[in-house]
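Q: One-letter residues, chain by chain:
Protein chains: 2
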Amino acid sequence: MEDALRYADDHQDRFTGELEELLRIPSISTDPEYADDVQQAANWLASHLRSVGLAGVEVCQTDGHPIVYGEDLRAGEEAPTVLVYGHYDVQPPDPLELWDSPPFEPTRQNGDGHAEAIYARGACDDKGQMFMHVKAAESYLAADGEGGALPVNLKFLIEGEEESGSVHLAPFIEDHKDRLDADVVLISDTGMFAEGVPSITYGLRGLAYVEVTLTGPERDLHSGLFGGAVENPANALARLIAGLHDADHRVAVEGFYDDVQDLTDEERQTFQKLPFDEADWREEISLKESKTEAGYGVLEAVGARPTLDVNGLASGYQGEGAKTVLPAKASAKISCRLVPDQTPDDIAAKLERYFEKHVPSTMRLEFERLHGGQPALIDTESDAMQAAADAMEGVYGRRPFFTREGGTIPVVADFKNLLGLDTVLMGFGLESDAIHSPNEHFGLGRFREGIQSIIRFHQRYAERR
Amino acid sequence: MEDALRYADDHQDRFTGELEELLRIPSISTDPEYADDVQQAANWLASHLRSVGLAGVEVCQTDGHPIVYGEDLRAGEEAPTVLVYGHYDVQPPDPLELWDSPPFEPTRQNGDGHAEAIYARGACDDKGQMFMHVKAAESYLAADGEGGALPVNLKFLIEGEEESGSVHLAPFIEDHKDRLDADVVLISDTGMFAEGVPSITYGLRGLAYVEVTLTGPERDLHSGLFGGAVENPANALARLIAGLHDADHRVAVEGFYDDVQDLTDEERQTFQKLPFDEADWREEISLKESKTEAGYGVLEAVGARPTLDVNGLASGYQGEGAKTVLPAKASAKISCRLVPDQTPDDIAAKLERYFEKHVPSTMRLEFERLHGGQPALIDTESDAMQAAADAMEGVYGRRPFFTREGGTIPVVADFKNLLGLDTVLMGFGLESDAIHSPNEHFGLGRFREGIQSIIRFHQRYAERR
Chain A
0 MEDALRYADD HQDRFTGELE ELLRIPSIST DPEYADDVQQ AANWLASHLR SVGLAGVEVC
60 QTDGHPIVYG EDLRAGEEAP TVLVYGHYDV QPPDPLELWD SPPFEPTRQN GDGHAEAIYA
120 RGACDDKGQM FMHVKAAESY LAADGEGGAL PVNLKFLIEG EEESGSVHLA PFIEDHKDRL
180 DADVVLISDT GMFAEGVPSI TYGLRGLAYV EVTLTGPERD LHSGLFGGAV ENPANALARL
240 IAGLHDADHR VAVEGFYDDV QDLTDEERQT FQKLPFDEAD WREEISLKES KTEAGYGVLE
300 AVGARPTLDV NGLASGYQGE GAKTVLPAKA SAKISCRLVP DQTPDDIAAK LERYFEKHVP
360 STMRLEFERL HGGQPALIDT ESDAMQAAAD AMEGVYGRRP FFTREGGTIP VVADFKNLLG
420 LDTVLMGFGL ESDAIHSPNE HFGLGRFREG IQSIIRFHQR YAERR
Chain B
0 MEDALRYADD HQDRFTGELE ELLRIPSIST DPEYADDVQQ AANWLASHLR SVGLAGVEVC
60 QTDGHPIVYG EDLRAGEEAP TVLVYGHYDV QPPDPLELWD SPPFEPTRQN GDGHAEAIYA
120 RGACDDKGQM FMHVKAAESY LAADGEGGAL PVNLKFLIEG EEESGSVHLA PFIEDHKDRL
180 DADVVLISDT GMFAEGVPSI TYGLRGLAYV EVTLTGPERD LHSGLFGGAV ENPANALARL
240 IAGLHDADHR VAVEGFYDDV QDLTDEERQT FQKLPFDEAD WREEISLKES KTEAGYGVLE
300 AVGARPTLDV NGLASGYQGE GAKTVLPAKA SAKISCRLVP DQTPDDIAAK LERYFEKHVP
360 STMRLEFERL HGGQPALIDT ESDAMQAAAD AMEGVYGRRP FFTREGGTIP VVADFKNLLG
420 LDTVLMGFGL ESDAIHSPNE HFGLGRFREG IQSIIRFHQR YAERR
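Going down the list, the protein sequences come from chains A and B. Note that numbering that gives the first Met the number 0 gives residue 69 to position 70 of the first sequence, counting from 1, and the numbers run on in steps of one. Note that numbering that gives the first Met the number 0 gives residue 136 to position 137 of the second sequence, counting from 1, and the numbers run on in steps of one.
Note that these hints are calculated values from the structure, not bench results. The hints are all genuine.
In this list, chains with the same sequence are indistinguishable; a pair is considered to hold if it fits within one copy or across any two.
Cut-off 27 Å, straight-line C-alpha distance, at most; resulting in silico cross-link-like pairs (DSSO-like, lysine-lysine):
hint	residue 1	residue 2
1	415	176
2	287	349
3	287	356
4	349	415
5	290	272
6	272	287
Predicted model only: the values in this text are computed from it and were never measured.
With the hints as constraints, model all of the structure from the sequences given.
A: What follows is the structure in structure tokens.
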């Protein structure tokens with residue numbers, strides 16, 4: 000392990016340059032126009048896995064974007080097997096005009112008062128974090144002193160559809176249960192509590208994402224000639240959206256909270272202990288004031304309570320100036336973050352019933368389920384979770400907090416359901432990394448700390464087993 | 000007059016071809032990218048006015064798009080003077096994908112069961128209708144038998160900013176009161192009741208058009224990492240918009256109806272007499288069901304009651320698929336149609352107070368007044384109105400109805416206030432012409448009938464005075 004840690008430090012600059020190569024490929028999985036780029040990113044990654052010495056490397060085609068696989072099983076049957084999951088696809092970069100540097104031209108900058116970072120779409124989510132695992136493996140395989148051996152068997156499963164719902168991942172896992180057999184799943188696609196404050200995520204929220212469209216007249220109408228006699232889909236959609244929350248900022252959809260596991264007293268106490276400064280947090284995102292469901296603090300609301308947010312609205316004329324149009328249709332992208340034991344199917348169905356019940360009789364409703372993911376809670380006492388805590392303690396000099404995080408990694412539920420595997424979420428992102436936003440970035444210090452932590456994890460996990 | 004009527008009929012084909020030339024110029028006044036095209040349309044029109052024999056033709060530059068002027072004053076002081084107003088600018092053509100033929104490549108087609116029509120942006124509103132006046136003048140000036148004389152003095156004032164708020168028109172009128180002095184204003188920029196059913200508009204609604212933007216966090220956020228603790232501007236905007244109407248489909252903004260002149264019993268009876276078939280009207284726009292303010296029929300609601308409509312909504316991610324963003328901002332274009340004695344300034348101020356009162360404390364409000372227009376009611380017993388009725392009766396063989404129309408022509412109030420002139424609205428549009436919508440068109444039959452009616456108007460107005 001020591002040789003690997005040293006090798007990684009000695010080659011950190013080259014590692015960063017290689018990551019930049021990958022970041023240059025605009026592998027936006029939600030937009031069909033970028034399909035070739037997604038394929039190119041898969042090919043680049045596969046060839047890179049081969050170059051660091053992994054075996055069985057394959058770009059596995061699916062009905063969507065490809066999955067990249069690679070492995071090193073030379074640790075043998077006595078050693079445990081770690082399945083590393085990550086994704087090489089990225090979110091769309093819009094709104095483009097808010098980026099200070101082009102999203103697919105990685106730029107190294109010092110953030111305001113922060114350490115040096117790489118700015119690019121995917122720098123943190125998840126190319127940067129995924130690539131740390133590749134470099135940790137290389138560090139074991141290439142380090143002279145240890146004869147190129149990993150302390151664990153390692154399998155890489157890197158998909159290209161995480162940002163578009165991972166629709167072909169579960170079938171792939173199902174079809175390759177033997178090949179993917181392991182003892183634990185290791186993922187770096189979450190955050191740590193703060194710079195220098197390590198944490199491991201033991202809870203994730205789920206997701207139910209839908210799109211709703213109301214159509215009134217067949218075509219856009221002149222608001223003077225028709226206004227007053229034709230119900231306006233944009234006004235009606237606003238009314239329906241307004242009805243989705245009550246005055247306590249709770250979701251007003253019937254049955255929404257039926258399956259929610261309430262926070263235990265112990266969990267609420269853990270939230271209290273976290274070194275969280277709301278003023279700093281607000282300043283980070285230039286927010287005047289936070290707003291949570293009545294009775295819950297910021298961390299509780301984000302980590303352990305379900306939500307409903309409009310992600311996009313579109314209707315009528317959106318260009319410069321005024322157009323006196325009565326829009327034919329209005330649509331909203333709406334998503335709920337879910338907590339155990341809510342399920343995406345059930346919540347989407349409840350949302351659909353809400354809209355069906357309230358759609359005005361003058362209009363037609365289209366309701367489309369775009370994607371979903373299960374929420375998850377993971378046992379913090381397992382060997383793998385404790386090995387991860389040891390590893391991060393080795394790098395940061397302090398024991399990590401166990402936290403619940405507001406984001407969604409649906410594969411965590413898939414790995415549990417399909418392979419019977421628990422997942423360790425060892426994340427190195429920060430909220431200020433602006434993932435899914437303009438000027439996404441990832442600190443070079445954390446890129447290094449991540450690699451070091453992963454190298455330590457493999458060793459500790461092999462020892463603990 | 001007979002010679003002019005005959006000349007117009009003999010040259011109808013050429014007239015149509017000339018109109019098509021003008022329709023090819025994309026003179027979209029709201030979009031700065033088309034400024035050169037707007038100028039080109041003005042130049043084309045000026046040169047055309049000269050070619051038909053008008054004097055004093057000038058492309059008058061303003062701080063915005065130019066105004067085209069031309070005149071023929073040879074009828075002398077004994078004859079009345081008619082000031083023709085029209086506009087050569089057009090609405091943006093979006094959504095482009097819904098046009099069956101390119102909006103700026105005029106195409107002659109037979110509509111579904113309708114007469115032959117020209118399809119192009121501006122075919123009806125207002126290039127087609129404005130151009131009828133030019134061709135009516137040409138018909139008098141070029142017809143052999145009458146020695147090229149008009150029975151009235153004629154002045155043309157054709158602007159290029161009607162679709163963007165006519166912001167430079169009122170100052171221009173003020174600066175050129177002498178040049179524009181006349182006895183009546185004549186405009187063809189409204190509709191007739193139905194194909195073959197002539198009508199003259201005596202009432203117009205006004206307009207107050209605003210844009211509202213709510214900004215929460217500084218940048219778009221990840222809905223997982225922040226959702227639950229940050230109030231969502233799109234949800235909040237929906238709530239504010241929902242509050243703009245009550246359950247009776249009345250506008251719920253405080254004081255909105257304070258200055259509304261209620262319909263008289265006589266006016267309500269006139270509305271009742273109009274040959275209106277709601278089922279046909281609904282079918283024309285593929286509408287399931289109409290929706291009016293409680294207590295008012297479709298024609299009353301559109302012609303004589305004020306409204307509030309969202310014209311555009313924009314927030315967050317609007318592309319393909321799903322993006323889990325918590326939007327930094329959400330904006331709506333909102334406009335009210337006004338009736339006497341509401342004023343755009345007063346209603347915009349009341350809207351602004353509504354939004355200021357209800358904007359969540361977590362957000363910043365921007366409220367912008369985009370444009371406005373005064374409502375108008377015109378005396379139906381004047382010489383000019385009766386001359387227009389005579390003229391249309393001469394063409395259609397039946398006396399036109401006097402109607403109130405839902406659209407806005409703010410210059411009608413400007414002509415009254417600045418020049419003391421009443422306006423005759425002799426319109427030949429139909430609701431099915433799809434003005435401001437994809438596939439705008441204008442029937443060739445109505446283009447001919449319009450020219451014939453205008454030729455008759457000049458003669459009848461000269462006789463009646």
